[in-house]
Amino acid sequence: MLNKLADLIEELTEFYSELNAIEARKRSVLITLDLNKLNEFEHKEQPFVLRARGLEAQRKELCNNLGYKDKNLEDVVKEIIYKTEEEKQKITNAYSELKEIILNFHQTMEENNKIIKSYNEHLESYANKLNNATANNLDVIL
Amino acid sequence: MKINMGLGAIFGAEKLTETKDRKKTAKLSTNPKDKFDNVEFSNNFLECLDIAEEIKEEVNQVTSEEKIIRLKGEIESGQYVVDCAKLAADMINLA
Numbered sequence: 000m001l002n003k004l005a006d007l008i009e010e011l012t013e014f015y016s017e018l019n020a021i022e023a024r025k026r027s028v029l030i031t032l033d034l035n036k037l038n039e040f041e042h043k044e045q046p047f048v049l050r051a052r053g054l055e056a057q058r059k060e061l062c063n064n065l066g067y068k069d070k071n072l073e074d075v076v077k078e079i080i081y082k083t084e085e086e087k088q089k090i091t092n093a094y095s096e097l098k099e100i101i102l103n104f105h106q107t108m109e110e111n112n113k114i115i116k117s118y119n120e121h122l123e124s125y126a127n128k129l130n131n132a133t134a135n136n137l138d139v140i141l
Numbered sequence: 000m001k002i003n004m005g006l007g008a009i010f011g012a013e014k015l016t017e018t019k020d021r022k023k024t025a026k027l028s029t030n031p032k033d034k035f036d037n038v039e040f041s042n043n044f045l046e047c048l049d050i051a052e053e054i055k056e057e058v059n060q061v062t063s064e065e066k067i068i069r070l071k072g073e074i075e076s077g078q079y080v081v082d083c084a085k086l087a088a089d090m091i092n093l094a
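Those sequence lines, one after another, are chains B and X.
Under numbering that gives the first Met the number 0, the first residue of the first sequence is numbered 0, with each subsequent residue one higher.
Under numbering that gives the first Met the number 0, the first residue of the second sequence is numbered 0, with each subsequent residue one higher.
Isolated chain X, as found in the complex (with noise of 0.2 Å):
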């Protein structure tokens, strides 16, 4: 979004209006690298800064998810002796 300011205000206010425009149309349809391989630049430039700043938006955002879930299986594989401790409780009749 900020490259989008940035530049808005290179072209001028309609320009940027133009470019929000033709990005809720991209939104609409399939994933952004796939609107990104399909945009020609020549004619579409503002709109491929636009589908890459989105693309980057995703990556970030899955590799968020990805940390969180390899942090959250790091932190319960100290889990395993659990089944020690189960077998442990049944031995001495712990409730």
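In isolation and in its complexed conformation, chain B is listed as follows (with noise of 0.2 Å):
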């Protein structure tokens, strides 16, 4: 059973490092605002996020198996009992580099959410100022 944690522990990390990879080369698409790339990584994700909902499934059911309802992986590997030293460095240093990914893939998605928010934020702004100005015009129209 503990083999199944220390694989799929694995393949988190191997899946979220994947992923933060393809969202820090979305940065550059981004600030350049290339909508036809974007698009292009838009098609990449989809998958990401099914395979994400699925692994987390697995990760449930696993836990699960474990005796651990509803508890997230951070606190199953940390109160698991190992049967072995060896079996527990095992685990903890797999988690602690999936953890270290998780990290690196929220500062990334962040910095890109900055990004969509700044462009939002001026999307809004020239709306507004459509509208003001359409108004302005049937003022001096009338």
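Careful: at least some of the hints might be erroneous.
To be verified - List of simulated lysine-lysine pairs, DSS-like, C-alpha gap at most 25 Å:
#, chain 1, residue 1, chain 2, residue 2
1, B, Lys70, X, Lys71
2, B, Lys87, B, Lys3
3, X, Lys85, B, Lys77
4, B, Lys77, B, Lys3
Everything labelled a hint here was simulated from the structure, so no lab data went into it.
Using the hints, put the two standalone chains together into the complex.
Structure (structure tokens):
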């Protein structure tokens, strides 16, 4: 059972590492606002969303089977009773690596979201100006 | 409006005032496209020009607004992975 946990942690690490690389590449596309390339990223991301859900379902099932229902991975890795010190090291090291990757991914997402938020603010401001300009034009006409 | 000013100069100030009055009445009714369809060209040429200009303005506005909405949508599509980020954050107990 603990081998399955180790395997899942490795799979999650690989998954988020790959997704983080995609999101980091997407930043340059966001900065230049290349909509065609942005659409390409959207297509690339879709299968990741599905796979993330699949991996989460696996994680939940495994945690349930280990007797840690509704616990997050951090708690499971901390609380689980290991048979050997080697097993403990293997899983905690793998988890540390996963945590670092997820923190990097989180940072990348925050940076991308800041850019998206900034664009949206500009667009809303432009839309308001457009509406006001139209209202003013009508006033002039009338 | 540029068209009106040009034609106003040709037909004289009196004609232009008359056009403005007609336009004011037209503005109070339904949408410009309907008004345009209901105007007789031979009798109300200037009014037709006014309304045509008005339609152009509205079309430009709609196009710009649609572009903004589309652009916002396209940019926000980058939010697909937010679900993944949330799952990941929960997994490592990241507040």
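Results for each hint:
1. The suggested pairing of Lys70(B) with Lys71(X) is violated, with an alpha-carbon distance near 37 Å, which exceeds 25 Å.
2. Distance check on the hinted pair: Lys87(B) and Lys3(B) sit about 14 Å apart at the alpha-carbon level, within 25 Å; holds.
3. A hinted pair counts as satisfied when its Cα atoms are at most 25 Å apart, and Lys85(X) with Lys77(B) qualifies at roughly 21 Å.
4. For a cut-off of 25 Å, the pair hint linking Lys77(B) to Lys3(B) stands: about 16 Å separates their Cα positions.
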